[in-house]
Amino acid sequence: MAGAAIELRNVTKRFATPKGGTYTAIRDLTMEVGPGEFCAVVGPTGCGKSTTLALISGLERASAGDVLVQGQPVRGIPDGIGYVFQSDAVFPWKTVLENVAAGPRYHGTSGSDARKRARDWISRVGLAGFEDRYPYQLSGGMRKRVGLAQSLINNPRILLMDEPFSALDVQTRTLMENELLSLWAATSASVVFVTHDLEEAIALADRVVVLTAGPGTVKGTFPVDLPRPRNVAEIRFQPQFSRIYEAIWLQLRDEVLVSYERQKHAAAAG
Amino acid sequence: MSVRNMPPPPVSVDAGSRRPPPSSVGSQSLTSVGAQDGASLSELTAKRTRAVRRRRLTVYGLRLLFAILWIGSWQLTTSMKWVDPFFFGQPSGIVVRLQQWFTQGTDLGSIWLQMGVTMEETIGGFLVGAILGVVFGVLLGRIELAADVASPFIKAANSIPRVVLGSLFAIMFGLGLKSKIATAAVLVFFVVFYNAFQGVREVDRNLIANARILGANNRRLTTEIIVPSAMSWILASLHISFGLALVGAVVGELFGATAGVGELIYSSGHLFDVDGVFAGMFLLAVMALVAEGVITALENRLIRWRPRQISGETPI
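Protein chains in written order, with the working numbering: chain A, 1 to 270; chain B, 271 to 586.
A couple of the hints might just be wrong.
Unchecked claim - Have a look at the derived ranges for each label pair, beta carbon to beta carbon:
hint, chain 1, residue 1, chain 2, residue 2, range
1, B, Glu-562, A, Ser-139, 29 to 37 angstroms
2, A, Ala-16, B, Ser-421, 51 to 59 angstroms
3, B, Asn-570, A, Ser-112, 50 to 58 angstroms
4, B, Ala-420, A, Asn-10, 40 to 48 angstroms
5, A, Tyr-136, B, Asp-418, 33 to 41 angstroms
6, A, Thr-30, B, Phe-423, 44 to 52 angstroms
What the hints assert, rightly or not - Only some residues are given here: those of chain A computed to face chain B with a beta carbon under 7 angstroms:
hint, residue
7, Leu-59
8, Tyr-83
9, Phe-85
10, Trp-93
11, Gly-103
Unchecked claim - Only part of the chain A face toward chain B is listed, based on derived beta-carbon distances under 8 angstroms:
hint, residue
12, Ile-77
13, Ala-89
14, Tyr-106
15, His-107
16, Ser-110
17, Tyr-134
18, Leu-138
For the record, the hints were derived by calculation from the structure and aren't laboratory data.
Backbone N, C-alpha and C fix where the C-beta goes; we use that ideal spot for every residue, glycine too.
Could you build the full structure based on these sequences and the hints that come with them?
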């Protein structure tokens with residue numbers, strides 16, 4: 001694809017283990033994400049989904065292969081990257097307003113400008129009136145909204161999301177998924193959304209990438225040709241949804257089984 | 271591949287999903303419960319307030335009882351000459367001595383001057399030690415190479431019984447304020463340093479990653495993420511270290527001084543004035559308690575972002 005937003009070419013990432021060995025998280029992984037595309041990455045536990053995001057964001061460097069963002073090899077953290085973490089990563093000693101304003105402040109925007117933009121984003125994620133609260137005073141879903149606003153205020157061209165809603169209850173989760181879609185629709189950002197939940201992946205994405213059990217590599221890619229705008233709560237009732245789900249699940253099932261067997265053995269050995 | 275239908279401004283999908291439909295069962299039952307509980311809620315609050323007050327009264331009452339038992343038995347045993355008040359002192363004698371000091375002054379001059387001198391030494395040593403401790407703790411916590419290089423030296427320095435440095439400082443800095451500040455600062459430094467260092471090492475990796483992605487440079491990372499995160503560790507160490515600073519100042523006075531509560535205690539000791547020694551200790555305890563209150567107030571200001579204690583009681 002010409003002008004891909006993100007390109008991973010034969011990327012391998014190894015980590016040194018404390019025992020002195022090496023652990024290969026992903027091996028020979030090749031994938032692309034187009035500009036403005038919503039790409040979901042699914043795979044069994046420990047298949048290197050989070051590592052993939054860490055490589056794109058520049059938090060980790062590839063052991064082999066090329067990682068390109070906007071056509072440029074990744075060295076350090078590329079410009080225009082947003083990252084929504086799996087666990088809470090909002091700053092507990094900052095109020096909601098200060099948390100959301102952090103990005104612009106780090107980029108040199110003056111305090112009052114940053115706060116103005118932050119107020120705008122806080123109301124866009126539905127948290128108006130909570131500007132002066134500290135994170136401990138918010139629910140898990142509200143903290144997630146703060147995290148989203150914190151990332152989106154920087155106008156990222158690429159938004160990386162690492163199982164962002166996995167800690168939320170099912171209702172809050174559906175709400176947040178819908179909000180994510182409407183917020184994303186107003187931007188032109190490419191999204192890489194990592195999840196272990198296949199339903200979530202299909203409901204949100206333009207394309208689903210299935211990774212193999214670790215070391216992760218691409219097992220298959222599936223376009224999701226469901227119309228937008230979508231309502232996440234209802235889209236799963238469409239027959240087209242079930243057909244896509246079945247096709248992907250046939251691929252994913254084997255990998256999940258492999259991963260499960262491995263964990264059992266590891267548990268038995270340990 | 272990036273085909274996407276741009277929806278009109280988020281209305282249809284979003285407006286419905288942000289709030290639950292008004293007809294939902296949940297909201298109905300919620301309002302009815304709210305109305306029903308309206309009266310009993312204030313009752314519950316009052317009940318809780320009473321319980322909290324009762325508990326506080328119990329705590330204060332038991333404290334008073336303990337003090338009466340302790341001081342009373344001391345007074346009794348010494349008055350009855352079961353224990354010799356010449357060697358063990360006597361509460362009434364201590365009160366007399368304090369009264370004397372505050373009305374007629376001490377052998378060394380005004381009591382306020384003595385307390386002022388010791389307080390000056392303590393606060394000076396506390397500030398110097400705490401600031402150096404935080405600065406070095408954060409620096410070594412951030413720069414791994416520096417930490418590896420400095421590690422054996424710090425361990426060696428920490429293993430010295432630092433109180434004996436007081437005699438060294440008396441030679442180096444003379445018998446004035448500086449030698450006491452140095453002694454107190456050395457005691458404070460290591461406690462604060464280790465806490466700051468550990469606090470920096472314990473900062474959540476996720477928070478650091480998030481700040482870096484959001485565009486924080488190294489300086490911002492240190493001032494806005496690392497230091498606030500380590501602050502609860504640092505503040506915990508400040509509680510202990512004020513007491514240590516007081517120890518340092520008093521020990522410093524031991525190695526030679528012309529004024530100060532410590533000096534007052536030693537000179538009383540030399541004169542076999544046991545009541546005077548106890549009176550001096552009492553003054554030191556009062557100073558430590560006042561400082562403790564100030565530090566707690568500072569702590570509550572600095573870490574407002576932390577959830578409060580559930581009961582609302584001041585921690586003891």
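Now the hints, each set against the structure:
Between B/Glu-562 and A/Ser-139, the C-beta spacing of about 36 angstroms keeps the proposed range 29 to 37 angstroms intact. Range check, A/Ala-16 to B/Ser-421: Cβ separation about 22 angstroms, and the 51 to 59 angstroms hint is violated. The given range of 50 to 58 angstroms is broken by B/Asn-570 and A/Ser-112, whose C-beta atoms sit roughly 29 angstroms from each other. At roughly 43 angstroms, the beta carbons of B/Ala-420 and A/Asn-10 sit within the given window of 40 to 48 angstroms.
A beta carbon spacing of about 36 angstroms between A/Tyr-136 and B/Asp-418 agrees with the range 33 to 41 angstroms that was offered as a hint. At roughly 50 angstroms, the beta-carbon separation of A/Thr-30 and B/Phe-423 lies within the given 44 to 52 angstroms, and the hint holds. Checking A/Leu-59 against chain B: minimum C-beta separation of about 6 angstroms stays under 7 angstroms; hint holds. With its C-beta approaching chain B no nearer than about 4 angstroms, A/Tyr-83 sits inside the 7 angstroms limit, and its interface hint holds.
The interface hint given for A/Phe-85 is met, as the beta carbon of that residue sits about 5 angstroms from the closest beta carbon of chain B, less than 7 angstroms. Among the interface hints, the one on A/Trp-93 holds; its C-beta lies about 4 angstroms from the nearest C-beta in chain B, closer than the 7 angstroms criterion. For A/Gly-103, the interface hint holds, since its Cβ comes within 7 angstroms of a Cβ in chain B; the closest pair sits about 4 angstroms apart. For A/Ile-77, the shortest C-beta to C-beta distance to chain B is roughly 6 angstroms, which falls under 8 angstroms, so the interface hint holds.
Interface hint status for A/Ala-89: upheld, as the beta-carbon distance to the closest one in chain B is roughly 4 angstroms, under 8 angstroms. Taking 8 angstroms as the C-beta cut-off, the interface hint given for A/Tyr-106 holds, the closest approach to chain B being about 4 angstroms. Evaluation of the A/His-107 hint against chain B yields a held restraint, the C-beta minimum of about 5 angstroms falling below 8 angstroms. Interface restraint check for A/Ser-110: the shortest CB-CB distance to chain B comes to about 15 angstroms, outside 8 angstroms, so the restraint is violated.
For the restraint placing A/Tyr-134 at the interface with chain B, the shortest Cβ-Cβ distance is roughly 4 angstroms, inside the 8 angstroms limit, so the hint holds. With 8 angstroms as the threshold, the beta carbon of A/Leu-138 stays out of range of chain B, its nearest partner Cβ sitting at about 12 angstroms, so the hint is violated.
In the structure shown, a violation is registered for the earlier hints numbered 2, 3, 16 and 18, in ascending order.
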